[in-house]
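4 protein chains.
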Amino acid sequence: MVGGGIGAFIGAIHRIALAMDGQYELTAGVFSTDESKSKETGKQLFLDPKRVYTTYQSMLEAESALSEDVRIDVVVIVTPNHLHFDPAIQALEKGFHVILEKPITFSLAEAKLLHQKRLVTGKQLLLCHTYTGYPMVKQAKQLVSEGLIGAIRKIYVEYPQGWLSTFLETSKHKQADWRTDPTKSGLAGAMGDIGTHAFNLAEYITGLQVVRLCAAVNTVVEGRKLDDDGAALLTFNNGASGVLISTQVAAGAENNISIRVYGEKGGISWCQENNNSLVIQWPDRPAETWRAGSSYLGSYAAHNTRTPAGHPEGYLEAFANLYRNFALCLRAAHNGETPKQEWLDYPSTLEGIRGMAFIESVIQSSKQQQWIDFVQ
Amino acid sequence: MVGGGIGAFIGAIHRIALAMDGQYELTAGVFSTDESKSKETGKQLFLDPKRVYTTYQSMLEAESALSEDVRIDVVVIVTPNHLHFDPAIQALEKGFHVILEKPITFSLAEAKLLHQKRLVTGKQLLLCHTYTGYPMVKQAKQLVSEGLIGAIRKIYVEYPQGWLSTFLETSKHKQADWRTDPTKSGLAGAMGDIGTHAFNLAEYITGLQVVRLCAAVNTVVEGRKLDDDGAALLTFNNGASGVLISTQVAAGAENNISIRVYGEKGGISWCQENNNSLVIQWPDRPAETWRAGSSYLGSYAAHNTRTPAGHPEGYLEAFANLYRNFALCLRAAHNGETPKQEWLDYPSTLEGIRGMAFIESVIQSSKQQQWIDFVQ
Amino acid sequence: MVGGGIGAFIGAIHRIALAMDGQYELTAGVFSTDESKSKETGKQLFLDPKRVYTTYQSMLEAESALSEDVRIDVVVIVTPNHLHFDPAIQALEKGFHVILEKPITFSLAEAKLLHQKRLVTGKQLLLCHTYTGYPMVKQAKQLVSEGLIGAIRKIYVEYPQGWLSTFLETSKHKQADWRTDPTKSGLAGAMGDIGTHAFNLAEYITGLQVVRLCAAVNTVVEGRKLDDDGAALLTFNNGASGVLISTQVAAGAENNISIRVYGEKGGISWCQENNNSLVIQWPDRPAETWRAGSSYLGSYAAHNTRTPAGHPEGYLEAFANLYRNFALCLRAAHNGETPKQEWLDYPSTLEGIRGMAFIESVIQSSKQQQWIDFVQ
Amino acid sequence: MVGGGIGAFIGAIHRIALAMDGQYELTAGVFSTDESKSKETGKQLFLDPKRVYTTYQSMLEAESALSEDVRIDVVVIVTPNHLHFDPAIQALEKGFHVILEKPITFSLAEAKLLHQKRLVTGKQLLLCHTYTGYPMVKQAKQLVSEGLIGAIRKIYVEYPQGWLSTFLETSKHKQADWRTDPTKSGLAGAMGDIGTHAFNLAEYITGLQVVRLCAAVNTVVEGRKLDDDGAALLTFNNGASGVLISTQVAAGAENNISIRVYGEKGGISWCQENNNSLVIQWPDRPAETWRAGSSYLGSYAAHNTRTPAGHPEGYLEAFANLYRNFALCLRAAHNGETPKQEWLDYPSTLEGIRGMAFIESVIQSSKQQQWIDFVQ
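In the order they appear, the protein sequences are chains A, B, C and D. For the first sequence, the numbering used here assigns the number 43 to the initial residue and increments by one for each residue that follows. For the second sequence, the numbering used here assigns the number 43 to the initial residue and increments by one for each residue that follows. For the third sequence, the numbering used here assigns the number 43 to the initial residue and increments by one for each residue that follows. For the fourth sequence, the numbering used here assigns the number 43 to the initial residue and increments by one for each residue that follows.
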């Protein structure tokens, strides 16, 4: 693991996700650029002190020198955005698979290079668009792809947060600090941090791609260096239209990412706050609530669920689903077996490129205050 | 009453709204251009056949000739949009007050003329933006105006319907027929029919005004003559931004008009589906659910509620609130008394002008595919 | 109207219910035992002062002396429980139909006498078990009777309120005053006031009858003279079992009367707080949410709805449904026509007898602290 | 681990719960009485084959002979009810701590013996009443104990399931098979399996104890050997009353265990389906929704949460909370440190005794069809 020292939010989440299903064991790491903090983190995680490193370069070097049954198989990178590309590239080059927080890189150009590197090395990369790990999101995708609601016409997707409603940057708030810093976060703030999740969710469930958009991003809180709010009108490649909302200044909002997709025959909606339900509305018969863990679900939802209907799973299980599917694919490849379709359903570099293109498109459209073709 | 013959949707709603609180009595009408249908409607409503007329001109003529204690006081106009302006103007001229379905007229120019006529004649006009009659919408307005959530930053408002998901126009569907006909409905379809409601709700609750917008309207169902879908990015006069969604092709959607307003301190949300609740979210303390009929509500909500908390009121009561407030104001004026602030809180020609300007702005922006200043 | 002077809760509700659909006109009344208050009420309701009476005896006398086209047709009785029986009996005897608040009378014996009087006089009586007027309650009854969820096994019904959590009796609270006074309310407090509604709702939807019960009623608030809380285990005549909860000391609870009925094949649930929805759960397919105003509903729900799906109706419309159906039946009888089954679906004296027997059963079981056969 | 072979429900859940927070490592087990199945399970779990045993006796024997840094510390017992007591007793005797599925034993007498054994050996025992591991359940307990809603008056608790609505026993359904078999499950079916959870939840949150009850249990599905349904009226030791519902024949119901507690000042409610929210209702101000992961929560909820508000945690995290707290206490004891109050908050043998006494009380009351004092 690269990053994720004591007090980091997403590093702890990754550790739970990897441990949950007994598919991974955390054995080495460089958890912080602060050596003593890295060591202390390793100690708390019961790691062998010799495998707690000072730099990711030294970790990759040392680990690749170990015998195959001892050395790490996968490098998990949970650093701020500007520190994704280099360790990822180097890990792939050294022969390790990579698990990477989103957005994939600092820029679209880097994302494309990383994609190429993945193809060239033949190593695999998991990009953590967590929300696509929810069983009912997978069910939505499966139902849409099977034509249940007909050709898609409208897509509304949103990710409202409120935690940046005030100027936290001055208050030694680690999360706020780097996420609002353009040298660490990239071109976009809210649009990069959570807008990309909303964008990915929309493309994942519908199987469509945005081809044009008109965005307006704002920096609402005085003194902030990056956007903390925005919205975009969207056109998809089948002619459907949509609206994407992403904000971090909706004071009081938590993390209720949600999506509604309407087709010719009906509409399907999902939100994180009620993640174990999928609601399908019909013009001429009662709305249906499909529930995680139920006997009638498709193979994707079923595979990605651990508990019977009514025993709620949540964000950590969605995260763990990405991890488990990635592990199942790696193990299958290692054993020369064919992975199941349900295992292969995890985001990787292509989704990363789409996400970076989304960020660049949104920022460009907003600056020009006009509709633009989606950046390729 | 002008319009509202047997089978008409909104006419029957108006009759319930006027009767509910015992403030009006329906005594005369021209319910249809089809004379026999008009007569049959009058009969079903237990009206004196002599006061069931053939044209609104003849009704206004005849009624104004009756003695003051017999003749009608108020003319209710529930015809399609293109037939709002003329009967309204004539009614005002003949000395009657007017209750008018929205949108106020067929064009912005007409709306301005009607406004002038109201001022000149000194008669009053109620424009039926029903959703502002809900007690918890009024509570939201009151709380926002008192500064509870601080300066407004974000406004999300939407009105999704699904009933025009298919081409109903061929199937002798009266509602679909005129609402999708540009010679009867006006410049806009969905944006005029329900987008104006969403727009009005946003301006009503926040007390702000849209000053710029970028809209995209679509005709999704093949063969349709007017837009059946659209969305707009908004800028308000205090610098706040917003998103407005209005569609009639969200298959399976009913009438869940909803709004979320975020200020510096918190967020407030309301939707028609759960109309007796108002949810206020805070960054640092539990969300609150304010409930219609409760003891702690402000004077506006309290005045516009008939039942104790938990005995749900709904759409018809919201409608009746407009009617009742209008009646209370007319009676106060008649008696030379000062109406209460809570009674005066009903939409009239100024809201009508804003609505028509919204329609023209949205259509213009969408055609030009760019941001425009709000049409005045 | 007998009772319902200024400030009375339920009288005002009845006036809205009767006015809403244009089927009744309020023309006479004795609104209070206080003559000046009765007169003032009549004045506010725009009544002819000559038809505002001092006693119900004088009203019945005077009205029956008027010509048929002038005199009242129906007497609405909205007095406290101990003043139901006598005006109702006298009204029937004088040839008037009766609309009566629940519980029907002060005692079971009176209820039986009133039932006999109704049969003998051939006049009709509407007992206002309002909750059976909700369209989705009627839909539930229809679906259950059609066997949709199979033979009934479990019935959970509850009516939790919180308004009597403190000793309001001392604070000149009119509602609290008589409802907690055994000389006005009868044998039971909460069980009579709202337990009877829950009981009626259960028997109405399922078509079953309670045959045994074991109840425990409590007086929670010190100094109160009647029960303010209770629960009962129930056995129904088909062998199904159930639980009934009724309380007025659930501090913070409003009026969310709710019911869940489980059969061999599935379960159906409804609650007042979400009165326009009916949820049906299945073991092997998604739950369904049936919505008032939808095209797929049965004839009972359709007949008792005024607005399209998504425009919420509520308590007042449920109340008005009772009134409208009663009026349609009376008019049909008057015209020698056969009323529709949907119109005849209103509660009357038989339901009143069941309710009074419930009160007596519950109190007896609770005193004896044991299971008893339902009192007949 | 004892039990939990391939295909077992609760064993897999325990393995996730123990792994999630990196506090335990599964190193040995006897997963089935079928040796080959036990071995296969061990293999799938990447265990050392030498530590996959044939009987729990041999496991305890062999493990206790290993050196302290190698041998297991804790024995997890996830067998059917009749196989709880003996392995638990033996594990304690051999010096291992024990984690045990509920109900604690087959009979009340066994529960008392196990409690004594725990005290005598000084070893610790965790009883998996999972629902008390939810952060918002802990928040409820904390708020109630702090007097937020005043003295408790009413407690409504229920656990409705539907999965035993048909006679699954014939269909080789492993879960149904042993749970409906009195030789494996004990005196009670539904009341033991899930009624005990509801009972425990009520006593946990309120800090009160049931002192009297009147229960009715039923065997609804023909041919079943144990109760599959029941309800009980309750009296608590402070005079409060309550109702407990437990059923496995509510066709379509999932696992929505829920509780409502009303005090003199307000009411608090929680349900598993919306487990990250806690609703507090007040008579005189808006209802509040307290949310897991929020900054304003108490120390118990905060300690038992991993994600920020709005990223839902669920059943597996609640389960893992029990495991983590138990581990923290064991480690503190091992290090000679004082465990925090929040860590000590896990169910053990005393809760087990209460649960078994509940089962015996309910069955006795139901047989006698009368109120009884709670069995001690």
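No wet-lab data here; the hints were simulated from the structure. Where hints are given, some of them may not hold.
No copy is singled out in the list; a pair is fine if it fits within one copy or between any two copies.
[As the list claims (entries may be wrong)] Below, simulated EDC-like cross-link-like pairs (lysine to aspartate or glutamate); rule was C-alpha separation at most 16 angstroms, straight line:
| # | residue 1 | residue 2 |
| --- | --- | --- |
| 1 | 307 | 188 |
| 2 | 307 | 264 |
| 3 | 85 | 63 |
| 4 | 267 | 128 |
Verification of the supplied hints:
no.	hint	in the structure
1	307 with 188	within (13 angstroms within a copy, 28 angstroms between copies)
2	307 with 264	between (45 angstroms within a copy, 15 angstroms between copies)
3	85 with 63	between (23 angstroms within a copy, 15 angstroms between copies)
4	267 with 128	neither (25 angstroms within a copy, 55 angstroms between copies)
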